[in-house]
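Novice: Place chain G on chain F using the hints.
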Amino acid sequence: MSLPSGHNMGHTDQVVQRRARCWDIYQRRFSSRSEPVNPGMHSSSHQQQDGDAAMHGAHMDSPVRYTPYAISPYNRKGSFRKQDQTHVNMEREQKPPERRMEGNMPDGTLGSWFKITVPFGIKYNEKWLLNLIQNECSVPFVPVEFHYENMHASFFVENASIACALKNVSGKIWDENNEKISIFVNPAGIPHFVQRELKSEKVEQIKLAVNQPCDVSQEALDIQRLPFYPDMMNHDTTMASNPRKCMAASLHVHEENIPTVMSAGEMDKWKGIEPGEKCADRSPVCTTLSDNSSNINSILELFPKLLCLDGQQSPRATLCGTEAHKRLPTCKGGFFGSEMLKNLVLQFLQQYYLIYDSGDRQGLLSAYHDEACFSMSIPFNPEDSAPSSLCKYFKDSRNIKITKDPYLRGELLKHTKRDIVDSLSALPKTQHDLSSFLVDMWCQTEWMLCFSVNGMFKEVEGQSQGSVLAFTRTFIATPGSSSSCLHNNQCDYVRAPHVLARPKMYFPVTEPGDLAGAKKPKPNSQG
Amino acid sequence: MRKHGSHWSQGDREGYQRSNYYEGPHTSHSSRGGRTREEVVTPPLPEHAATGSQMATSLDFKTYVDQACRAAEEFVNIYYETMDKRRRALTRLYLDQATLIWNGNVVSGLDALNNFFDTLPSSEFQVNMLDCQPVHEQATQSQTTVLIVTSGTVKFDGNKQHFFNQNFLLTAQSTPNNTVWKIASDCFRFQDWSSS
Numbered sequence: 001m002s003l004p005s006g007h008n009m010g011h012t013d014q015v016v017q018r019r020a021r022c023w024d025i026y027q028r029r030f031s032s033r034s035e036p037v038n039p040g041m042h043s044s045s046h047q048q049q050d051g052d053a054a055m056h057g058a059h060m061d062s063p064v065r066y067t068p069y070a071i072s073p074y075n076r077k078g079s080f081r082k083q084d085q086t087h088v089n090m091e092r093e094q095k096p097p098e099r100r101m102e103g104n105m106p107d108g109t110l111g112s113w114f115k116i117t118v119p120f121g122i123k124y125n126e127k128w129l130l131n132l133i134q135n136e137c138s139v140p141f142v143p144v145e146f147h148y149e150n151m152h153a154s155f156f157v158e159n160a161s162i163a164c165a166l167k168n169v170s171g172k173i174w175d176e177n178n179e180k181i182s183i184f185v186n187p188a189g190i191p192h193f194v195q196r197e198l199k200s201e202k203v204e205q206i207k208l209a210v211n212q213p214c215d216v217s218q219e220a221l222d223i224q225r226l227p228f229y230p231d232m233m234n235h236d237t238t239m240a241s242n243p244r245k246c247m248a249a250s251l252h253v254h255e256e257n258i259p260t261v262m263s264a265g266e267m268d269k270w271k272g273i274e275p276g277e278k279c280a281d282r283s284p285v286c287t288t289l290s291d292n293s294s295n296i297n298s299i300l301e302l303f304p305k306l307l308c309l310d311g312q313q314s315p316r317a318t319l320c321g322t323e324a325h326k327r328l329p330t331c332k333g334g335f336f337g338s339e340m341l342k343n344l345v346l347q348f349l350q351q352y353y354l355i356y357d358s359g360d361r362q363g364l365l366s367a368y369h370d371e372a373c374f375s376m377s378i379p380f381n382p383e384d385s386a387p388s389s390l391c392k393y394f395k396d397s398r399n400i401k402i403t404k405d406p407y408l409r410g411e412l413l414k415h416t417k418r419d420i421v422d423s424l425s426a427l428p429k430t431q432h433d434l435s436s437f438l439v440d441m442w443c444q445t446e447w448m449l450c451f452s453v454n455g456m457f458k459e460v461e462g463q464s465q466g467s468v469l470a471f472t473r474t475f476i477a478t479p480g481s482s483s484s485c486l487h488n489n490q491c492d493y494v495r496a497p498h499v500l501a502r503p504k505m506y507f508p509v510t511e512p513g514d515l516a517g518a519k520k521p522k523p524n525s526q527g
Numbered sequence: 001m002r003k004h005g006s007h008w009s010q011g012d013r014e015g016y017q018r019s020n021y022y023e024g025p026h027t028s029h030s031s032r033g034g035r036t037r038e039e040v041v042t043p044p045l046p047e048h049a050a051t052g053s054q055m056a057t058s059l060d061f062k063t064y065v066d067q068a069c070r071a072a073e074e075f076v077n078i079y080y081e082t083m084d085k086r087r088r089a090l091t092r093l094y095l096d097q098a099t100l101i102w103n104g105n106v107v108s109g110l111d112a113l114n115n116f117f118d119t120l121p122s123s124e125f126q127v128n129m130l131d132c133q134p135v136h137e138q139a140t141q142s143q144t145t146v147l148i149v150t151s152g153t154v155k156f157d158g159n160k161q162h163f164f165n166q167n168f169l170l171t172a173q174s175t176p177n178n179t180v181w182k183i184a185s186d187c188f189r190f191q192d193w194s195s196s
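Respectively, the protein sequence lines represent chains F and G.
Sequential numbering from 1 applies to the first sequence in the numbering used here.
Sequential numbering from 1 applies to the second sequence in the numbering used here.
Hints listed in this document are in silico derivations from the structure and should not be mistaken for laboratory results.
We treat Cβ as the ideally placed atom computed from N, Cα and C, and that holds for glycine.
Check the hints yourself; a few may be wrong.
To be verified - As a list, the in silico SDA-like pairs of lysine to any residue whose alpha-carbon atoms are at most 20 Å apart:
no., chain 1, residue 1, chain 2, residue 2
1, G, K62, F, K180
2, F, K180, G, P121
3, F, K429, F, L408
4, F, K326, G, K62
5, G, K155, F, E459
Unchecked claim - Not the full set, but computed from the structure, chain G residues with beta-carbon under 10 Å of chain F:
no., residue
6, E124
7, F125
8, T175
9, Q191
Stated by the list, open to error - Per the computed footprint, the stretches of chain G lying under chain F, defined by three or more beta-carbons under 8 Å from a beta-carbon of chain F, are:
no., segment
10, 82 to 96
11, 101 to 114
Just chain F, same shape as in the assembly:
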């Protein structure tokens, strides 16, 4: 983007420093997120953020997993060599049951148990199956009381976060016939095997835990330690203030299972339960809910719907075909095709908004192609109740879902750079928060760069002065001629983007001062 030579932007040292600071913020913000990839957007980059919750559906490489097992996952039934003895078996033999029962509880109280079921798991060799699962599972787990019941394979684990991690494995493993293997997770009572090892003081502890549902510290399911579930966190304001409710809710798997208080007397019921017991007969350890908050639903999503796995259900494909294993991919920061393009785009945006916020938008004329287009939309109808700060934008808002008149549709689309800049100049004066910008570069060809900016800005004059608004703006830019150059002398080796411009603005709204639901700018940003 070239600037007219006589253009006086009133630069002061302060402005220059601010620009430098903004640029620093960019470098820090974006450098950890993007890696050089081939232009042309065939991504082989590893855009992992911390942790293992990467999206598996994409063609990106999976993160390296901890794989303690040497056994090939396709090694089935009985062909194990001695040195391939699994970590799993060693665990089971070495750890005394009491210690295992304590699980991850630092104070030694009882962990909570979950039953992990593989439908039609009877087809699979135990070691092979467990290895396969462990290879895909993000955390190591200790399967307890592995057994086959009817057509299925089951085992128990003693930890909610492990149970969740196992749930995530569902649908991501395949057998030799290339059929997906599903995994179902349900809360369970204390397994029979573990039961037998109970010392009397542990029984007392259980009774205490069950009879005092209000005592969060004894409750095993620690929300803080669960993997991050977006659905849960959405309700975190209510959850944090009432952890008991959510603890109880998390154990209430199936809405048709009527929760019962497990009194001391019922403990006897657990003794003598055989592995072949029907799943439906098992009463999960749970407490009565005094009121069913709607927050329960967000917790319920942690566990798939309970399926009846007793022998009376004929094995059908539907057992495996539920949506239980589907998760949303992790949301990530902005995507750039390459480091070079990232720099280009960010520089462009920096300069663009510097002018845009300067009070005189005529300087943007040089940014736009002669035949550029511009339009904007706000997601409210004038009839709806919308914050007053948005009302001034209604008249320019172009929403062809609502506006059917072709004439009006044409009028609201600004064409030619002159019209565009005039139109922009009529909008309120703004201060954009560059540190809030999230940029996705989503189309790149030899002739065009297409990117979308999500961010925040503030109105700095007028009736709505101080209103903070969020926006998304899409640019289509073409490389400029070699005679145009950026203000900062990068024209030597990089052709400056010449904004052919289909910029589009819309304003999903936030109330002044209320940034809930929108990205918060970094605290140190000065825009």
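Specialist: For chain G alone, kept in the frame of chain F given last:
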């Protein structure tokens, strides 16, 4: 170890025939003989000026704007309904080499797209806002393209509702009788992505 989760091989796609569905502003059946529900079709494009020339007259520009609007309306109806109710057919709306950026995740090519949409939970979209612009031929080397922008709400099964913004670049594949539009690029983001 992981298999390609493609339900719709190229052969399936091309051989697939279903009854016509549109209420949209289209004319006769295409010369290919029958078409699927999951196609975005508008009347034939006006004759292009010679390559390299700009959209000189305002009349031409108006035509492009109208055409863009028509494609956008048709497209959005079909896209989100397919996404919600016939997810497996969604990739028919994409070019083979199309790219999707979904909340910062890159999905490139039809196989990856198939896999991606397969693993995405079932959805309920509500589009509240739709805008579109014709893209200048200088940017597209005369490949007729429309920029489409939508926003609204979406509820994925098992997740809370989100506000979303989505952008598409739709390119035209012209036949004498009609124009078929397909997605070249797609960018989707929750408005509150950082709290997701």
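Novice: Has the given pair, K180 of chain F with P121 of chain G, been kept, meaning a C-alpha gap of at most 20 Å?
Specialist: Distance ~17 Å between K180 of chain F and P121 of chain G Cα, so the pair holds.
Novice: Hinted pair, alpha-carbon criterion (20 Å max): K62 of chain G, K180 of chain F. Please report holds or violated.
Specialist: Outside the cut-off at roughly 52 Å; violated.
Novice: Does the nearest C-beta of chain F fall within a distance shorter than 10 Å of the C-beta of E124 of chain G?
Specialist: Since the shortest Cβ distance to chain F is 13 Å, the answer is violated.
Novice: Under a C-beta cut-off of less than 8 Å, do 3 or more residues of the segment 101 to 114 of chain G approach chain F closely enough to confirm the stated coverage?
Specialist: Answer holds; 11 residues pass the 8 Å Cβ test.
Novice: Taking the least C-beta to C-beta distance, is F125 of chain G closer than 10 Å to chain F?
Specialist: violated (13 Å)
Novice: Starting from K429 of chain F, check that the Cα of L408 of chain F is at most 20 Å away, please.
Specialist: violated (26 Å)
Novice: Given the hinted pair K155 of chain G and E459 of chain F, is their Cα-Cα distance within 20 Å?
Specialist: violated (32 Å)
Novice: Are there three or more residues in the segment 82 to 96 of chain G whose C-beta lies within less than 8 Å of some C-beta in chain F?
Specialist: violated (count 0)
Novice: Return the status of the interface hint for T175 of chain G: holds when the least beta-carbon distance to chain F is below 10 Å, violated otherwise.
Specialist: violated (24 Å)
Novice: Has the given pair, K326 of chain F with K62 of chain G, been kept, meaning a C-alpha gap of at most 20 Å?
Specialist: violated (45 Å)
Novice: Hey, does the Q191 of chain G contact hint survive, CB to chain F under 10 Å?
Specialist: holds (5 Å)
Violated hints, in rising order: 1, 3, 4, 5, 6, 7, 8, 10; the structure is consistent with all others.
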